[in-house]
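> Here's the letter readout for the chains.
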Amino acid sequence: MSTSLGGYMGKVLRLDLTTREVSEYPWSDEDRKLYLGGKIMAARILYDKIKTKIDPLSSDNVMVISTGPLTGTGAPSSGRFNISTVSPLTGLITSSNCGGNFGLFLKKAGYDALILEGKSEEQIWIEIAEDNITFHSAGELWGKTTGETQEHLGGKTGKLVIGPAGENLVLYASIFSEERAAGRAGVGAVMGSKNLKAITATGTKSVEVSNRERVKAVNKQWVAQLKRHPFTGVQLPKLGTAGLLSSMHARRMLATRNYKYGQFKDFENVSGEVLAEKHLVKNVGCVSCTMQCARQVRVDGKLVKGPEVETLGILGPNLENGNLELILKWNYLLDELGMDTITCGSTIAFAMELNEKGLWDNGLEFGKVDSLSEVFENIAHRRGIGNILADGSKRVSERFGGKEFAIHSKGLELAAYEPRAAVGQGLGYAVSNRGGCHLNGGYFVVMEGLGLSMDPYTTKSKGALVMMFQDIMEAVSAGGSCLFTTYSMIPAALALKPNSRLTRLANKLMKYSGGIINIVNKFPGLLSVNVPALFPHTLAIDAVTGMKMNMGKFKKIGERGYNLERLFNVRIGLTAKDDDLPKRLKEEEQVPGNKLTVVPIEKLKQKYYKARGWSKDGRPTASKLAALGLSRDAK
Amino acid sequence: MIKVRFFGMLRLALKVSSVEVEAESIKKLLEELQKMYNIDSELLKGTVIFVNDKNMNELQGYKTRLTAGDTVMFLSPVSGG
Chain A
1 MSTSLGGYMG KVLRLDLTTR EVSEYPWSDE DRKLYLGGKI MAARILYDKI KTKIDPLSSD
61 NVMVISTGPL TGTGAPSSGR FNISTVSPLT GLITSSNCGG NFGLFLKKAG YDALILEGKS
121 EEQIWIEIAE DNITFHSAGE LWGKTTGETQ EHLGGKTGKL VIGPAGENLV LYASIFSEER
181 AAGRAGVGAV MGSKNLKAIT ATGTKSVEVS NRERVKAVNK QWVAQLKRHP FTGVQLPKLG
241 TAGLLSSMHA RRMLATRNYK YGQFKDFENV SGEVLAEKHL VKNVGCVSCT MQCARQVRVD
301 GKLVKGPEVE TLGILGPNLE NGNLELILKW NYLLDELGMD TITCGSTIAF AMELNEKGLW
361 DNGLEFGKVD SLSEVFENIA HRRGIGNILA DGSKRVSERF GGKEFAIHSK GLELAAYEPR
421 AAVGQGLGYA VSNRGGCHLN GGYFVVMEGL GLSMDPYTTK SKGALVMMFQ DIMEAVSAGG
481 SCLFTTYSMI PAALALKPNS RLTRLANKLM KYSGGIINIV NKFPGLLSVN VPALFPHTLA
541 IDAVTGMKMN MGKFKKIGER GYNLERLFNV RIGLTAKDDD LPKRLKEEEQ VPGNKLTVVP
601 IEKLKQKYYK ARGWSKDGRP TASKLAALGL SRDAK
Chain B
1 MIKVRFFGML RLALKVSSVE VEAESIKKLL EELQKMYNID SELLKGTVIF VNDKNMNELQ
61 GYKTRLTAGD TVMFLSPVSG G
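Residue numbers (the numbering used here), protein chains in the order written: chain A, 1 to 635; chain B, 1 to 81.
It should be emphasised that the hints constitute simulated quantities derived from the structure, not laboratory data. Take these hints with a grain of salt, some might be off.
[To be verified] Listed below are the simulated BS3-like cross-link pairs for lysine-lysine, each with C-alpha atoms no more than 30 angstroms apart in a straight line:
{"id": "1", "chain 1": "A", "residue 1": "11", "chain 2": "B", "residue 2": "3"}
{"id": "2", "chain 1": "B", "residue 1": "15", "chain 2": "A", "residue 2": "305"}
{"id": "3", "chain 1": "A", "residue 1": "33", "chain 2": "B", "residue 2": "28"}
{"id": "4", "chain 1": "B", "residue 1": "54", "chain 2": "A", "residue 2": "119"}
{"id": "5", "chain 1": "A", "residue 1": "265", "chain 2": "B", "residue 2": "63"}
{"id": "6", "chain 1": "B", "residue 1": "15", "chain 2": "A", "residue 2": "595"}
{"id": "7", "chain 1": "A", "residue 1": "508", "chain 2": "B", "residue 2": "15"}
{"id": "8", "chain 1": "A", "residue 1": "238", "chain 2": "B", "residue 2": "54"}
{"id": "9", "chain 1": "A", "residue 1": "497", "chain 2": "B", "residue 2": "3"}
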């Protein structure tokens with residue numbers, strides 16, 4: 001099915017691994033206009049294909065690997081692709097985004113997306129070379145690490161691989177492309193359950209755009225804007241995401257000792273500053289990105305990817321570990337084994353507390369972390385206690401108790417941001433479609449201290465603001481852009497002058513912005529404009545695709561995606577009760593005696609549902625779905 | 001003495017992680033640091049300033065009084081991950 005729009009290759013490839021049947025999945029320009037690409041496109045496909053609760057590791061599960069229209073067009077920071085499926089950790093729809101080069105090569109091969117269905121009887125890898133699709137035996141690849149597998153496959157191709165953790169169905173196994181991970185919610189286990197070790201893609205096709213000259217001009221402007229901004233142009237290249245850790249500590253937002261505390265006495269030892277001063281060899285980045293936020297460090301003499309802030313937080317303060325050298329080693333090891341550093345570290349922190357409280361005698365202790373490499377290996381190969389830890393915190397708590405301090409939402413462990421000092425982020429964790437995710441939750445912590453400084457404890461307007469951030473990030477991701485490009489929403493004039501009257505006023509006014517957001521959400525026509533200083537994305541998508549795009553339409557696409565994922569989850573049994581946080585974060589005051597330092601989740605949830613136009617039990621209403629063009633899904 | 005800890009871009013620029021300074025307010029502290037490191041005051045004012053775990057803007061801003069033993073942190077104005 002071809003396309004008249006730019007930015008798309010016009011083909012979605014469907015592979016049935018059971019029968020090895022190869023076919024084209026119908027995907028029209030109308031679909032492209034409604035769902036854009038990436039995770040929203042994937043949500044539509046999964047919603048149409050999976051209609052009941054399934055075993056995520058069975059042949060019933062479907063995996064959609066999709067790109068956005070900006071991928072491969074030279075738009076800055078657009079070398080991203082998305083993997084959506086039903087998560088083995090949550091049993092719900094999940095999406096995991098990756099900055100490796102597979103998306104770019106998939107488009108070179110002539111496809112916007114891949115749909116993987118069924119399950120191969122034997123262990124295989126798949127080669128996609130434009131129209132030639134070959135199923136190979138993965139006999140000699142099975143057992144290899146993610147790095148070894150990619151090296152073995154060789155050639156100038158896009159590669160997507162799992163490591164031993166994916167093969168052994170560790171519920172939080174990741175998928176890798178180059179050194180970048182589709183890290184969260186166990187997408188690697190789903191790939192492993194299909195007996196699929198790797199996919200390669202190659203080709204010589206190029207992405208056609210609607211207006212080449214305009215695309216060049218928009219991209220040039222956008223690159224200059226990213227370079228000028230204090231975050232995307234200075235902080236990220238120099239310190240990476242790791243540069244955030246010190247600010248998290250200062251604001252009591254740094255998960256420490258299994259989320260017992262928000263500060264860690266030795267935080268500086270594992271900070272981005274020390275990483276830059278002592279270990280950084282150079283900064284590198286994804287295809288077509290000017291930010292170059294990834295850290296390259298040396299581990300045992302080898303140049304490898306350094307840790308992101310979430311990894312530093314979860315494997316550092318959350319385990320009471322102040323040894324940065326160990327984290328560098330673990331980060332590399334976990335990548336090679338192919339599993340999520342966040343869920344893995346958080347599950348271990350939980351196990352440490354279970355041991356401390358006498359609920360599970362497992363030998364793990366806070367601060368005593370020298371032998372954790374062995375534990376990681378045991379998890380990846382499901383040996384000994386590793387076999388239990390491989391199932392994540394929720395299942396471990398069901399077996400040994402301690403549910404009140406098992407730090408997950410819907411089965412997915414939270415990232416390193418402690419939400420008792422940023423309750424909007426807490427709301428995001430609780431209502432996120434994929435479970436306790438900082439990004440899918442709307443990443444509101446950036447407005448509660450890390451970018452601007454809105455009152456982090458107030459509940460005022462947080463429902464509407466979190467909704468708006470979720471929708472915008474959903475659309476940005478579906479377009480193919482990195483979420484860091486959304487930092488343009490914080491004007492440099494405010495970001496550079498955190499103590500100015502204007503910035504302080506902006507911080508104060510935010511808690512009164514809910515009403516305006518609700519009006520704009522109801523009447524998106526009010527946003528029928530492009531404001532490139534805040535949202536270059538809409539101009540870029542307009543120039544690339546030829547769709548008439550503006551901020552209102554763009555936000556509505558994001559809202560459609562968020563509602564569609566929610567609807568998927570509701571249809572298979574999710575209720576408002578699942579939008580929750582562990583008792584520790586709801587009832588244990590982070591600062592004893594200060595009642596504000598808990599997440600008042602029930603109050604926040606109802607404000608959020610109201611802003612979303614959902615019922616009190618968290619279901620998208622028929623009128624909301626009609627407004628989003630999803631009437632056919634309203635039953 | 002006030003314990004001053006530098007983070008973020010300011011730390012990379014100064015190549016100093018911490019220092020002890022005598023100052024009775026944030027304003028005076030900024031003046032002292034400006035002299036010590038010969039840096040533009042805008043660079044210092046462009047950071048988020050915490051006094052003993054509280055943003056100075058929640059206290060008295062630049063007029064916030066300091067007493068011996070206080071810790072002042074200079075942080076990046078914007079960060080994320």
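> Take the hints in turn and mark each one as holding or not.
We went through each hint and held it up to the structure:
1. At most 30 angstroms may separate the alpha-carbon atoms for a hinted pair to count; residue 11/A and residue 3/B exceed this at roughly 61 angstroms.
2. Of the pairs offered as hints, the one joining residue 15/B and residue 305/A holds, with about 24 angstroms between alpha carbons and a cut-off of 30 angstroms not exceeded.
3. Of the supplied pair hints, the one linking residue 33/A and residue 28/B is violated, its CA atoms being roughly 58 angstroms apart against a limit of 30 angstroms.
4. For the proposed pair residue 54/B and residue 119/A, the alpha carbon gap of about 55 angstroms is over 30 angstroms, so the pair is violated.
5. Proposed proximity of residue 265/A and residue 63/B is supported: the alpha carbons are some 28 angstroms apart, at most 30 angstroms.
6. Simply put, residue 15/B and residue 595/A have alpha-carbon atoms about 40 angstroms apart, too far for the 30 angstroms limit, and the pair is violated.
7. Annotation: proposed proximity of residue 508/A to residue 15/B is violated, straight-line Cα distance about 34 angstroms (limit 30 angstroms).
8. Under the criterion of a C-alpha separation no larger than 30 angstroms, the hint pairing residue 238/A with residue 54/B is consistent with the structure, at around 26 angstroms.
9. Taking the CA atoms of residue 497/A and residue 3/B, the gap is near 24 angstroms; set against the 30 angstroms cutoff, the hint holds.
When held up to the earlier numbered hints, the structure conflicts with 1, 3, 4, 6 and 7 and fits the remainder.
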